[in-house]
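Both chains come to you apart, so use the hints to assemble them.
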Amino acid sequence: MSVDRSFIGAAMPPFEVEVEKGTIRRFAEAIGDDNPLYHDEPYAQSRGFASLVAPPTFAASFRPPTRQPWLVPLDEGRILAGEQAFINRRRLVAGDALRCQMHLVDITEKEGRSGRLEFIIQELRAHDGAGELVVTNRRVVIYRAPGTLGA
Amino acid sequence: MHMNLLEEGEVVRLTADPITTTQLVKYAGASGDFNRIHFDEPFARAQGLKAVLAHGMLTMAIVGRCLEQAVGESAYVEEFSSQFLAPVWVGDVVEATARLAERGEGEGVLELSAAVEDRMVLRGRARVRWN
Chain A
1006 MSVDRSFIGA AMPPFEVEVE KGTIRRFAEA IGDDNPLYHD EPYAQSRGFA
1056 SLVAPPTFAA SFRPPTRQPW LVPLDEGRIL AGEQAFINRR RLVAGDALRC
1106 QMHLVDITEK EGRSGRLEFI IQELRAHDGA GELVVTNRRV VIYRAPGTLG
1156 A
Chain B
70 MHMNLLEEGE VVRLTADPIT TTQLVKYAGA SGDFNRIHFD EPFARAQGLK
120 AVLAHGMLTM AIVGRCLEQA VGESAYVEEF SSQFLAPVWV GDVVEATARL
170 AERGEGEGVL ELSAAVEDRM VLRGRARVRW N
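Protein chains in written order, with our numbering: chain A, 1006 to 1156; chain B, 70 to 200.
Only chain B is shown next, with the shape it has when bound in the complex (with noise of 0.2 angstroms):
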């Protein structure tokens, strides 16, 4: 997909595979975050937690596969942010959003979002140069 496609205001949507221990674990090696809510539920569930919970970066990370599907390969992102508002469990299914904002001249504003059903999980926002 070809950032030239996307026009003011039009919305691309990633739905991610069910989060699993594994891939929390995969993450978990890959980031060198080993804190033990993401893969330890014993210990997620004394430190009052429900069950294990998914990294936030991870879920950022896969925000970053539906930014990277709007703007294109060309793209480069100069900034990019996440606020973290809810947990992600895992089997969770989150679907993450790509919204073009504003777009000037060779660089683009785009909003970005992941929810778990109706819960919002995620907001964001990049921006992006095409070179």
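Bound-form chain A, shown alone (with noise of 0.2 angstroms):
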């Protein structure tokens, strides 16, 4: 089974996220971070925020309440993370009310090491109540074929 090239093109449909001082927190945790930008409010706002500040890979949290369309039918087990980039407007902070829509960009493929490997380029765009881009959370996630990988 490979990946659909009819929806090169398609966005699912916009999704609101709100960043939220619990879910900051949470995050910085789990990933091992305990700068008190990420954690202690009085001290992000004693250094100009308005609240808690989002780590830089903050957005890779924002995912569309139901499942990409494009990745339903695959196998999740090949699923694998391939690139991924953040472009920023600003610094997210709690209290960011955000208005978000998953894109699928492109479908690519080319021959690895061990078989077919297919390049499904997605991106994330998150508008905040201004309407300005924000965030852009671009990832390729790689789709292998059966039996690659695994050393």
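Derived by calculation from the structure, the hints in this document are not laboratory data. These numbers come from a predicted model, not from an experiment. Virtual Cβ for every residue (Gly too), placed ideally from N, Cα, C. A couple of the hints might just be wrong.
[To be verified] Just a sample of chain A residues kept apart from chain B, beta carbon distances all over 10 angstroms, derived: (1) Ser1011; (2) Leu1042; (3) Gly1100; (4) Pro1151.
[Unchecked claim] Covered by chain A, according to a simulated footprint, are these stretches of chain B (three or more residues, beta-carbon under 8 angstroms): (5) 108-122; (6) 131-142; (7) 145-157; (8) 165-178.
[Said to hold, decoys possible] Not everything, but these chain A residues come out facing chain B in the computed CB check (under 8 angstroms): (9) Ala1015; (10) Pro1018; (11) Pro1019; (12) Glu1021; (13) Asn1040; (14) Gln1050; (15) Ser1051; (16) Arg1052; (17) Ala1065; (18) Ser1066; (19) Arg1068; (20) Pro1070; (21) Arg1072; (22) Ile1084; (23) Gly1087; (24) Gln1089.
Structure (structure tokens):
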């Protein structure tokens, strides 16, 4: 089963994300980051931020409420992270209300050492209440052929 | 650590604690990535993997910690990108490095990497700005 090319250019329905203090703290704890900007609100405010600041990869947690339709038919054990980029216009802080939308930008493929690899290029674009694009989370997902990797 | 102290070509290193399954479960919950290859060992093995695999984004987050230490909290990360080169397994100790590659007026470019022993697992780049 390979990835359905007819999804190229597709976008999922927009969804809302509220950046919250508790989710910032739990994310920072999971990545082992004790930076007080992510844990201590008075400290973050003393540094000029409205509230807790989100770590640089926090937007990885902005996920559509349903799985991307182009990923649904795939075998989840063969899905791997390939490349990831965050393009930011400003730092995210607790209290931000974002409107996010997941886009399928392209699908490419190449022959790997032990079989065919497909590259699914997705962008999650997050806009704030003023309509400004604040973060783009560009992710290339690799779909490996059965039996590749594993060492 | 503040940027003013970092010279062009200077390297900052961070060694993370060994990756545990508990950490992967926490990261799954915090990020919403519940792919079972990251916490369910029988499932991971059935997929042909030798063990439970860390989320690539967790490795990137560890590199992000190193990046923050290198540039200081007054820096704003405009762009942060990574390529995932090799798997990171439970028990692995990730060592991240950030090297200031270019420094301009109020901005800089850093080259980033992560390795487990002599295995390179991530290569990345960041563009930062200081206000």
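Violated hints, by number in ascending order, as checked against the structure: Violated: hints 2, 4, 8, 9, 10, 11, 12, 14, 15, 20, 21.
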